[in-house]
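Novice: The opening residue of the sequence shown carries number 1 in our numbering; numbering runs sequentially from there.
A couple of the hints might just be wrong.
[What the hints assert, rightly or not] Okay, derived cross-link-like pairs now, DSS-like style, lysine-lysine, Cα gap no bigger than 25 Å in a straight line:
#  : residue 1 : residue 2
1  : LYS238    : LYS37
2  : LYS94     : LYS65
3  : LYS156    : LYS65
4  : LYS127    : LYS80
5  : LYS65     : LYS238
6  : LYS238    : LYS127
7  : LYS199    : LYS127
8  : LYS203    : LYS37
9  : LYS94     : LYS76
10 : LYS80     : LYS199
11 : LYS238    : LYS199
12 : LYS76     : LYS203
Since the hints were made in silico from the structure, they are not lab data.
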Amino acid sequence: MRFFPLVALLAVPATVSACEGDCIVAITNAWLGNYTKPIESVMRSMAAQISDIIPGRPSEDATLKYLAPIMTAYRKDAYKRMETAIFPSYFHGKCLDSNGVTPSGCPNPDCPIVCGTPGSLVHFFPKLRYIAFNQTYHFLESLADPNSSTYQQVEKMVVAAASRKTNDERRRTYSRIFPRGADGVPIIPMLKVRSPDVKAGLKAILAQIHALLEETCGGSGEENTNGLPSCSWEREMKEYILVFP
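Construct the complete structure from the given sequences, taking the supplied hints into account.
Specialist: Following this line, the structure appears as structure tokens:
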């Protein structure tokens, strides 16, 4: 599934009542689209570090391909997980106070009751911001867990690449040192990379997902009112949310 950034969605018309149906789909996709670039930044940072543990230091673009199993699995299930995290796990139900009365500002533009309307999403935007952030990093962390199938696919490719690069590099380096056979080809022993070292390095790199996303988003990850300034999109998101009546 391809996710589009919010700017591409602002022109989408809305003809729904409250935040249900198309509204839920649109807002969920908006958050997923917004996180496309931050996630890419995290993946590229890890790819650069993976390059450092492979002999010959392949390019970042080359090692980025080893993270494909994580990104493929993320794209497959990201929508379902993000929608559930926002609706109905937190924002749902009617906007009624303790007396069963609908407060001023509900359903929009600014509803002080946690419920399933645009006005509530706007009023509790700091919470919404962290729901999106937490869901994103928790899901990516689960895919980078050493016990996951996605991690094991990544590990297999990285170890194979490290072993292949090690022998290629040593073959070139020592071709002038080792004796040659009758056919003139250097007789070079096959030297294996230390697989445990590569695995340990990869594990340490993929364990950084939370910290790297937090850094990319410019915050501590704690639920401060103005936290995660680079992953807030507050003005644009509030404007988009209130497109829905």
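Novice: Could you tell me which of the hints above the structure violates, numbers in ascending order?
Specialist: When the structure is compared with the hints, numbers 2, 5, 7, 9, 10, 11 turn out to be violated.
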